[in-house]
Amino acid sequence: MAAGPAGSANPASASVVAFPGRKPLQVGFDRLELQRILDLYGRMVAAGFWRDYAMDFGKDAANFSAFRRAAERPQARIEKRPSLRGKQGMWTLFGESGQVLKRGHELTGVLSPLERKLLKVVEG
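Per this note's numbering, residue 1 is the first one in the sequence shown, and the count goes up by one each step.
Keep in mind that the hints were calculated from the coordinates and are not lab data. Accuracy of the hints is not assured; some may be wrong.
To be verified - Think about it this way: if two alpha-carbon atoms lie no more than 27 Å apart in a straight line, the pair counts; the simulated DSSO-like pairs of lysine-lysine are:
| hint | residue 1 | residue 2 |
| --- | --- | --- |
| 1 | K117 | K102 |
| 2 | K87 | K102 |
| 3 | K59 | K117 |
| 4 | K59 | K87 |
What the hints assert, rightly or not - Here are the simulated distance ranges between beta carbons:
| hint | residue 1 | residue 2 | range |
| --- | --- | --- | --- |
| 5 | L32 | K59 | 35 to 45 Å |
| 6 | R116 | L34 | 13 to 23 Å |
| 7 | Q99 | A71 | 32 to 42 Å |
| 8 | G48 | S15 | 22 to 32 Å |
| 9 | F49 | S15 | 16 to 26 Å |
| 10 | S15 | L119 | 45 to 55 Å |
| 11 | K59 | L119 | 20 to 30 Å |
| 12 | P113 | S15 | 38 to 48 Å |
Each residue gets a CB set at the ideal place from its N, CA and C atoms; glycine is no exception.
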């Protein structure tokens with residue numbers, strides 16, 4: 001068995017430490033955030049509201065855009081901008097015209113206007 005970095009035989013014992021003050025090269029969604037967004041996307045597809053999506057990962061923000069048709073502007077865009085975490089919240093929901101529909105610190109609260117579209121009135 002070959003020795004790992006610095007002569008250690010077990011690479012799991014070595015830990016990677018990020019340099020302090022260094023920003024990541026790009027912003028992304030963690031597993032739970034992406035799962036929550038894709039769950040909503042799947043339900044919106046099933047309801048006939050959306051048909052396509054796109055994701056964009058930049059150095060300042062990560063975006064999830066949902067489309068009714070691929071050739072149009074997105075009907076909704078969910079943006080994660082960590083630099084706003086201490087201010088108005090890192091999550092923003094944009095509408096089709098680019099207007100801010102909701103802003104907040106928690107993804108669940110920001111997605112609530114889209115969740116309301118899925119509610120149907122059932123007469124008993």
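Exercise. Check the following: the C-beta atoms of L32 and K59 are separated by a distance inside 35 to 45 Å.
Key: For K59 against L32, whose Cβ atoms are near 22 Å apart, the range 35 to 45 Å is violated.
Quiz prompt | Range agreement (Cβ of S15 with Cβ of P113, hint 38 to 48 Å) | solution = holds, 42 Å
Quiz item: Between K59 and K117, does the CA-CA distance stay at or below 27 Å?
Solution: violated, 32 Å
Quiz item: Are F49 and S15 spaced within 16 to 26 Å by their CB atoms?
Solution: violated, 45 Å
Quiz item: Taking 27 Å as the top limit, are the C-alpha atoms of K87 and K102 close enough?
Solution: Measuring from Cα to Cα gives roughly 14 Å; hence the hint holds.
Quiz item: Between R116 and L34, is the Cβ distance one that fits in 13 to 23 Å?
Solution: holds, 22 Å
Self-check item: Distance restraint evaluation - K59, L119, Cβ atoms, bounds 20 to 30 Å
Solution: Check failed, 37 Å falls outside 20 to 30 Å.
Quiz item: Does K87 lie within 27 Å of K59 when you go C-alpha to C-alpha?
Solution: holds, 19 Å
Quiz item: So the hint says 32 to 42 Å: do the beta-carbon atoms of Q99 and A71 match that?
Solution: Since the Cβ atoms of Q99 and A71 sit about 21 Å apart, the hinted range of 32 to 42 Å is violated.
Exercise. Note whether the CB distance of S15 and L119 lies within 45 to 55 Å or breaks it.
Key: With Cβ atoms ~46 Å apart, the hint holds.
Exercise. For the pair supplied as a hint, K117 and K102, confirm whether the alpha-carbon distance does not exceed 27 Å.
Key: holds, 15 Å
Quiz item: That 22 to 32 Å hint for G48 and S15 (C-beta), does it hold up?
Solution: violated, 48 Å
The structure shown violates the earlier hints numbered 3, 5, 7, 8, 9 and 11.
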